[in-house]
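Peer 1: Next come the chains, spelled out residue by residue.
There are 2 protein chains.
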Amino acid sequence: MVTKSQIKQIKQLKFKKFREKTGLFVAEGEKVVLELLQANFGFHYIFSTIENFDIDSVIISNDQMKKITHFKNSSNYLGVFIKPIYDYKILNESETIVALDHISDPGNLGTIIRTCDWYGVKHIICSRNSVDCFNSKVVQASMGSISRVFCYYMDLPDYLKKINHMIYGTDLNSRSIYDTSFKKKSVFVFGNESNGISNKVINITDEQISIPKKNKVVNSLNIASSVSILLAENFRQNKKAIRK
Amino acid sequence: MVTKSQIKQIKQLKFKKFREKTGLFVAEGEKVVLELLQANFGFHYIFSTIENFDIDSVIISNDQMKKITHFKNSSNYLGVFIKPIYDYKILNESETIVALDHISDPGNLGTIIRTCDWYGVKHIICSRNSVDCFNSKVVQASMGSISRVFCYYMDLPDYLKKINHMIYGTDLNSRSIYDTSFKKKSVFVFGNESNGISNKVINITDEQISIPKKNKVVNSLNIASSVSILLAENFRQNKKAIRK
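These protein sequence lines map, in sequence, to chains A and B. If you read the first sequence in our numbering, its first letter stands for residue 1, the second for the next number, and so on. If you read the second sequence in our numbering, its first letter stands for residue 1001, the second for the next number, and so on.
Any given hint could turn out to be false.
[To be verified] Calculated pairs, EDC-like style, for lysine to aspartate or glutamate (alpha carbon to alpha carbon, straight line, at most 16 Å):
(1) K31(A) to E1193(B)
(2) K1031(B) to E193(A)
(3) K1200(B) to D1171(B)
(4) K1240(B) to D179(A)
(5) K1216(B) to D1171(B)
(6) K1137(B) to D105(A)
(7) K1072(B) to D105(A)
(8) K137(A) to D1105(B)
[To be verified] Pair by pair, the computed Cβ-Cβ distance ranges are:
(9) Y86(A) to K1072(B): 28 to 38 Å
(10) N76(A) to I1055(B): 51 to 61 Å
(11) Y86(A) to N1040(B): 45 to 55 Å
(12) N1092(B) to E207(A): 36 to 46 Å
In short, the hints are calculated from the structure, not lab data. Heads up, the beta-carbon is just placed ideally off N, CA and C, and yes, glycines get one too.
Produce the entire structure from the sequences given, and follow the hints as far as they go.
Peer 2: Here it is in structure tokens:
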């Protein structure tokens, strides 16, 4: 069963300030909870409506699950996990880095984390005003990739100034990604869903690149779609380079 | 102002059966409403909390907008539009077609519609058990592209059997999209978020293709990301072919 104080805590973890205060976050759904367990994430509790899910899981009723879920529709699994401690040194050694300037939609961030995982990109830098990666909707949309891809929140211009990577900014009217040979050590910067990359960040980029479109009437592409297309092209170029 | 009967109708339009019964749908947000108006979609009402939005718009208060919005957070614009009548003949003449087998997430469908628009793909075929493209969340996520991209709901195997296009099915372990030369007249089939393409549909595809990944541990990619990567590669190949 779930105690009253557990219910209270899990509800509070919807809010960033409680996640920061406690160092905990909530993950729901079989795939997500299983992948976090497999990646050896520490946890406080694992609740399940199904028997024999995990050696440490506590069986609860569907009604109890409905009380603690962060979503409209509850799943059969919910875990309260400990946020990992990030190693900033590893970040600098990373070949491909994705940087997000004020990303605000949790579903978009989760999808980007998932795509980064697909392309072996382990590190995402987010400006401090971006949505928190341990927001339950981000965790959910990442489909478990949150266990392998790390989001670092920092002053974006400040960090980009210090790094040795080639910094590519993405916009709508620059050189085509297909006419650009990406450097091995690259940072790809993507802007806010409505306003693009902020001027402060644009000033630090080395090159502006764009995803070419066929329909000239259209003036925007979803940010998670943009990240997918760019990382795919980066992967294609690297693969071609290896083959040669 | 909004009348009681209008409030009732707009609330009912959250449900597919009322959209089907009335032939109407709800669109919210400045960009979406404006693009539908520009595309000459018929409408019953346009409500706005801001003066001088459109010649036909009715000014209402924020509190009234909160009563009629389909979302948690209301925007300043809401329109009740008439669903368009689709011309099935045009569909067959289309070069690139995206087919979705049992897509269920409205945000994913909206994002796919937006990506199709970017790449000039005007027609999406959805199996009948797919989410309705006039669901408010789909309309919202399409960011106005719903005014230019049309979703046809039909028996997928039945339709694919009749068409002359090359039919590509997408899965996780087939020939790489980078080792495939896409035909000019192509249908790209994508499966359900959890279960992939159904066997009935797989049997009708001409070729199975996959998006290669770098991280072998990962076993899934968001469907809207997959569509983005595939349509980008199709566009790149076509552009290259024109240049030659």
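Peer 1: Take the hints in turn and mark each one as holding or not.
Peer 2: Outcome of the hint check:
A distance of roughly 13 Å separates the Cα atoms of K31(A) and E1193(B); the hinted pair therefore holds under the 16 Å criterion. For a cut-off of 16 Å, the pair hint linking K1031(B) to E193(A) stands: about 13 Å separates their Cα positions. Between K1200(B) and D1171(B) the alpha-carbon distance is near 15 Å, which keeps this suggested pair within the 16 Å criterion. Between K1240(B) and D179(A) the alpha-carbon distance is near 11 Å, which keeps this suggested pair within the 16 Å criterion.
This hinted pair checks out: K1216(B) and D1171(B) have alpha carbons roughly 15 Å apart, not beyond 16 Å. This hinted pair checks out: K1137(B) and D105(A) have alpha carbons roughly 14 Å apart, not beyond 16 Å. Between the alpha carbons of K1072(B) and D105(A) the distance comes to roughly 14 Å, so the proposed pair stays at or under 16 Å and holds. At most 16 Å may separate the alpha-carbon atoms for a hinted pair to count; K137(A) and D1105(B) meet this at roughly 14 Å.
Between Y86(A) and K1072(B) the beta carbon distance is about 32 Å. The supplied range of 28 to 38 Å therefore holds. The hinted range of 51 to 61 Å is satisfied by N76(A) and I1055(B), whose Cβ atoms lie roughly 53 Å apart. At roughly 52 Å, the beta carbons of Y86(A) and N1040(B) sit within the given window of 45 to 55 Å. Taking 36 to 46 Å as the suggested C-beta distance range, the pair N1092(B) and E207(A) conforms, at roughly 43 Å.
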